[in-house]
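2 protein chains.
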Amino acid sequence: MLTMQDALARLTAYWTDQGALVVQPMNTEVGAGTLNPATFLRVLGPEPWKVVYVEPSVRPDDSRYGENPNRLQTHTQLQVILKPDPGNPQELYLGSLRAIGIDVAAHDVRFVEDNWASPALGAWGLGWEVWLDGLEITQFTYFQQAGGLNLDPVSVEITYGIERIIMALQDKTHFKEIEYATGVSYGEVFGQSEYEMSRYYLDDADIEANRKLLDLYAGEAQRMIDAGLPVPAHTFVLKCSQAFNVLDARGAVSTAERAAEFARMRRLAGDVAKLWVARRAELGLPLGATPALDPARPAASTQTSDDARTLVFEIGTEELPPGELRSARAQLVRLVTEGLAGTRLPHGEIRVYGTPRRLIAVVPGVGAREDDHVRLVKGPKTTAAYGGDGAPTKALEGFARSQGVSVDAVTTVELGGVPHVVVEKHEAGGAAPAVLATVLAQVVTGLRAAKNMRWNDPKLSFSRPIRWLTALWGDDVVPVAVSTLAAGRTTRLLRTAAEPVIAIESAETFLETLGVNGIVADHEDRRELIVIGAQDLVYPDGKIDVKGEASLIDQVTDLVEQPLPLLGTFDEGYLDLPDAVLTTVMRKHQRYLPVRDADGALLPMFVTVANGPVDVELVRAGNEAVLRARYEDAAFFYRADLATSPADMRARLDRLTFTDKLGSMADRAARISSLAHAVAADRGISSGVLERAASLVKFDLGSQLVTEMTSLAGVMARDYALRAGEDRAVAQAVYEAELPRNTGDELPRTVAGALLSVADRLDVIAGLAATVGLPTGSSDPFALRRAFLGLIAVHRATPALAGLDLVEALRTAAAAQPVPVADDVVPACAEFLAKRLEQVLTEEGQTVDRVRAVLSEAGRPARVDLLLAQLNTAVGDPDFRAVAAAIQRARRIVPAGTEASYSAAALKEPAELALHAAVGEVAAFSDISGFVGATRGLVAPLNTFFDEVFVMADDPELRATRLGLLATVRDLGDGLLDWSHLRL
Amino acid sequence: MLTMQDALARLTAYWTDQGALVVQPMNTEVGAGTLNPATFLRVLGPEPWKVVYVEPSVRPDDSRYGENPNRLQTHTQLQVILKPDPGNPQELYLGSLRAIGIDVAAHDVRFVEDNWASPALGAWGLGWEVWLDGLEITQFTYFQQAGGLNLDPVSVEITYGIERIIMALQDKTHFKEIEYATGVSYGEVFGQSEYEMSRYYLDDADIEANRKLLDLYAGEAQRMIDAGLPVPAHTFVLKCSQAFNVLDARGAVSTAERAAEFARMRRLAGDVAKLWVARRAELGLPLGATPALDPARPAASTQTSDDARTLVFEIGTEELPPGELRSARAQLVRLVTEGLAGTRLPHGEIRVYGTPRRLIAVVPGVGAREDDHVRLVKGPKTTAAYGGDGAPTKALEGFARSQGVSVDAVTTVELGGVPHVVVEKHEAGGAAPAVLATVLAQVVTGLRAAKNMRWNDPKLSFSRPIRWLTALWGDDVVPVAVSTLAAGRTTRLLRTAAEPVIAIESAETFLETLGVNGIVADHEDRRELIVIGAQDLVYPDGKIDVKGEASLIDQVTDLVEQPLPLLGTFDEGYLDLPDAVLTTVMRKHQRYLPVRDADGALLPMFVTVANGPVDVELVRAGNEAVLRARYEDAAFFYRADLATSPADMRARLDRLTFTDKLGSMADRAARISSLAHAVAADRGISSGVLERAASLVKFDLGSQLVTEMTSLAGVMARDYALRAGEDRAVAQAVYEAELPRNTGDELPRTVAGALLSVADRLDVIAGLAATVGLPTGSSDPFALRRAFLGLIAVHRATPALAGLDLVEALRTAAAAQPVPVADDVVPACAEFLAKRLEQVLTEEGQTVDRVRAVLSEAGRPARVDLLLAQLNTAVGDPDFRAVAAAIQRARRIVPAGTEASYSAAALKEPAELALHAAVGEVAAFSDISGFVGATRGLVAPLNTFFDEVFVMADDPELRATRLGLLATVRDLGDGLLDWSHLRL
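Protein chains in written order, with this note's numbering: chain A, 467 to 1450; chain B, 467 to 1450.
Watch out, some of these pointers could steer you wrong.
All copies of an identical chain are treated as equivalent in the list; a pair is satisfied when it fits inside any one copy or across any two copies.
As the list claims (entries may be wrong) - DSSO-like, lysine-lysine: derived pairs with alpha carbons at most 30 Å apart:
1. K891 - K844
2. K642 - K740
3. K678 - K1127
4. K925 - K678
5. K1301 - K1054
6. K925 - K740
7. K638 - K740
If you're looking for bench data, these hints aren't it; they were derived computationally from the structure.
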């Protein structure tokens, strides 16, 4: 049996055989091999670097006392950096798996999108998790930025999770059973350390001491930056990170504090990176600079057919993320269509296909040549071309010379109404291969992803590296060349195929050749294979909710080229876990399809979809083991949580800092509770349910499961509350306090829930606006925008709250903060709220002028809804329109500052007297419907007034009186409608 | 060329092939691989453990900005632990050198005594530095204790210094030139880090921050110990150690502070060790327990000669330290002599020999058998043996049965005057091999070293492991067996010999066989070979000071079995370094013999002595490179120091803490200065020289060379002061302030020097006695005993200080401390001083009674010398003896508490009147000579008084008067002599 230590030695030897250096693990605790300077610093700058090293990676959060079969507070990473990208890093990687005896053809080895980012390091990259039968065994990333700097060249980072790989290879169900060395188990060597370090991280680390350490480390890091020493500075950044992780594992870090610490670390890491680059340059790049790759030479251009033939163009990529694949197919249609439209080649209908590793455009009937063509080259105006004597001028001679013709060869044509001399150029149509080569090259460079990356090709940028081009027009290679890529007639199959690269005879046989070799190029075909296959596997015991899981199925479809659905099962015991926990794990973590019975209850089985002709039993067993491990992990927390009362969980909120200035999570929960009570009392909607729910609000943040899977906050609160014997209504309200979790999410259905939800958001807005500030265009670290949107959504959806003025409530929330809130904070929040509401309403299709007309009521979004509805009705009413037109006319005529008062005695004309009388009779109104009714009587007097009365009378007193009367009209509806915005 | 990374891989593979586990370096900074829990914790307890790992070892103190060719702040160790000792670890080790291509026969590979101890870890072991051509490449230790616990089984620790080995293999003169991987140098990979981390450690680390870190770490360590978690506790102990080392490198740790921190770390490490052992036991020893080795079976006992033959007994060891070898030879003579005396074997003169790897006893003419012998076995008394009827009693029958004879076979013998029955046993003398086997076994178990260790043999303990026994009597093996060792007829040659184990034909040919094979068994023979060879090598340019270097030559002689003196040279430029620096390096670090010209000036050459037939050019070049590196290191510091003025160095004392409570070294220097001035003023011996010297005292502690080579303190002060243009007398006084550095060292010759020396010691004693306490039997962490002895020595040697009362001076010193000094401190110091003085004087041969008689003057040791000399004279004077006898008689007669007063009028008898008159005439005296003269007139009156006067008269008044008179006699010499101690 391959022992773990031998596996490490073999992997190391494999990579040193590929020319890598070996360095040692970092001698301060790091969370990942990426943090080792052999990665973090070396990926910066132009120097090449190839390295392999082991990194025991410390994740205090993953501490499980050694009890969980798959989680360790220290797991072993093997880290490889290839800088620059060698062009075939995935193939090299598969070679390394073979080096430790993994039959990559029998197993289901997959590259599943995983875009890595470390906010604390200002670093990110695109790449994948590598799955071995559903088990994540490696992180594979093309590093794009580190320390906030763009990386050039790009580095490939390969991070192996050694324990996981070895457990799979040795068929062990607990990491402790790993044969670490011959006759010695992992547990025997490291078991005690796992237990004890878990104790430190989870239970015993002194929070105050670690806070002090964090600050001391940050101080030293800053001092070293100031001293211009990136190496020690980096070491202290790492120590910061570990101290932070310890605090986090001890549950002493709030979301807000996390953001603040990340910002500090990001700033430090960024300074370190800049310094490193500068220092290396100063040292003259001791390891040299990475040479640029030469551009590719296109294939020789040949054309063997005079008939129209099919064009096929395949862009071969490394595994594209499903979302990017969808977008790329759409782009491909557009780019090929536009490209061909720019030629004079006749062609048939363009069709595109795509799998994770290829984008294909197929165009039948592409003509062999473009039609011939006459082109006019415009010369000087005729008047300038010939002198008075009709002799050619110098201008004409120059033009003719430049076109390579004699002055006799020009003709005259009227262009834009003016006669010019022109040269007629008879151009032969281009041959299809040459013309297509240009078009297709532009297709490649035209592709864009939502997130683009660079690899070893300086001119290209896309979602993932483009590694090959296949371009055939009939039997001929289209000589496309883009930067370092040249198209040929070969394509690639699965990397594990017996013959992974095959030649294509002709464009016409391309799709068939792929199909014969197992590659299903068409998304719909693959989807159908998956759905039918999956339903077949679970029939008759259960079924897949194809509609409900549509988005998951779409995703899975675009994760494979050659789908092979497999049925797996799991222990029934896990069905005791809440449905949401089970399905979150299946869908989000594993992309497995849940299987339900006729009543919709989960069955202890799942369907996964492998890629290619794997060893089914092997792959099934692997996937089952992975799910078991994940459920074991969840069950570990769930059991621990069930052994804890909601009150005890809530007590833990004391130890969770919300932010330095805003106190603990417990403080925050108390504020939410008292704010909810205040609002309820004010509106007369207090209740026992609210009382109880408010005393529990946010308690599940103190649970282990929610600490682990934050998306379950609220859901678990409801579950735990019910199991602890709380009323169903109370449990529901505690759940609803977290709603909505994102745009379009469920909203509170109960009044108590809505009150808590609103109070939660008011508190977070007031506190953070006062201490951190409102979101700006680029930065919203605490997701305050979402809080505002939630506030609006709940207000609009909860009739009981319709009368609540959110701005007033914000004032109350501000007064309850533990810090003084400046006077301008609540007004700024009110403005921000109004802007968000405007945005929401316009996105719902309301016209912006009407929205703005009623936005003065933004503090009560439900009322805005009402007013807007009335306004939309009113604008169809001719009377309203007449009144409105009159008011707007009055607004134009009456000078600013004119008071709405006048001496009625000075009125003389009947029309003005009539208006005066009508205005006096306008009844009180409180909304737009009321306004319409109340002002209907003004329509006639207003019309008459404007027809008959000359406002700007010569007599100043008369004029003032009439303006006063009109100002009264102007002010009608003031405060209800902002006439300045309304366009009718 | 073997790259460094390949060498690490090969060594790792070599040891895993030997069954070792591989673990990763520690993920917190450690100063050595020993600190990794894979060593420190795993050597504890009974579990077996075999491991190999790389450990980048951080030594902030060794920071040199990457400029020094041989010193790195982080160097790479490869660490191997073999637990239990496999019995042949040195041979396994040599195998590992072969595995990286070292021809161990061509090079001079040596095991040179190095007893490792880590006070901070409560750990120690015995072993060696392994030298490769004079270069220390490996530390090889048999671990005896860790965390204060005895280790059973003992672990072998092998620590390779990888950079040094690779530099030698690759023939590089600077570590940066090492080929780390193919085409990539060490400097290219690690150069920047060396520079920057050096900057941190030497210049930029924030002292306050690191002090806080140290305390926080110690706090966490203690908390984890309290929580019963040895693993995290150990991690924090390591962090303490690193923080301490950083402070130390920043020059912020004084000797006293170091001792205090070591004590704290030792305590923590001890608690960690105890906890670990307890936890492993609780866990049921996951790795099992080490099985005990079986006892050896002795060789079959055969005897092929009837004639007397030579006995040879060789005890084969691993390399003994020279000092232990000397002692072992002496023990061997004694043990063999005593052993043979306990037999009845005739034998010739016993001779012993020894080399580092063997102790040999040769005894010619050992008889073939002991003489036969009759032994009487004592039975019951005759009266109990026979009944009244003369018949044997049950007692006799029982005795006869127990002796296996019939009752008729007993005879009667008078024993102790009483007739007993006895049985005569005729015993044949033992055969030589059998008899000798018993004797020689006791020789082996009887050997003791100053420092003993254990290895894999549970019953044996010696300076180094005993690995084989060779025992021959003539042609026959003497069947000695001791624990796991059985003697045979083979011996071992150099490990690198073509045939490292050879058979010996007979005892008579043993020494010759060794000699023929190159082993020079006799110390004197080896010494002569070395001396003649060395003088030959340097003739005629220079010579070796054979007398002056006698102790070094003796040491070198016992470091080899087959001496091969080699001449090496070094660059003349290094002769600019002070003589003391050059020779300290040669003698102390390298055991090279310095070469001087006729005037005694150093020549740029040295003689080293290799062991065995090495490749001379290779070994010479290696040794030269080592010396160059050492000199380069010293020169680095020396140059830096010369660029710094004494005043600037002195200014650095501000940053050196003496102890937390006693301030900085600068504070201490100021106290020394002011105390020296006060004493000088008091005694009228102030001077300009003192003034200036006091302002400089201790300045060289701020120099880099002294920081590095502390034994040069004072020496460098003198050198730097002279070079800075100070007066010769001032420079000398600054030097003398440090004297004496140890017992028997040079003493100050100038008054200014003596004043500073005394002031230094007074200050350290007063300060530490007040804050830490006086030394106890087992603990003297600050070497206060040495300070007391220095004080005594200087006082006795400096006439100008004879009148100085050290106790008074201590009081002055105490008053100057920055902390309050309790009232009992100075008296306790005075008592401690008196005890030390008593010890010194009795060790000088003074009788303890006389010493104690004058010890009340211990505050003035010079006066004690005077009084003692006078007392020694006085005791030869019959008058003094008479007076003394009378005084002691008076002390016996006069009841305690009797006052020395009486009414002269009450005296009646002539004898008492005469005594009264004589007592009245005793002149004043100030010393013992004076006392003898002043009391001479009392001899006759006293004699008469005791002859004629009956003191205890019946008349109470008369009795009181006479007792009063006698009390006056009793009190004579009081305060000068303590009569209670004096025995005459």
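Right, here's what the structure says about each hint:
| no. | hint | result |
| --- | --- | --- |
| 1 | K891 - K844 | within (11 Å within a copy, 144 Å between copies) |
| 2 | K642 - K740 | between (42 Å within a copy, 25 Å between copies) |
| 3 | K678 - K1127 | both (17 Å within a copy, 25 Å between copies) |
| 4 | K925 - K678 | neither (48 Å within a copy, 52 Å between copies) |
| 5 | K1301 - K1054 | neither (34 Å within a copy, 81 Å between copies) |
| 6 | K925 - K740 | within (25 Å within a copy, 63 Å between copies) |
| 7 | K638 - K740 | neither (45 Å within a copy, 34 Å between copies) |
When each numbered hint is compared with the structure, violations occur for hints 4, 5, 7.
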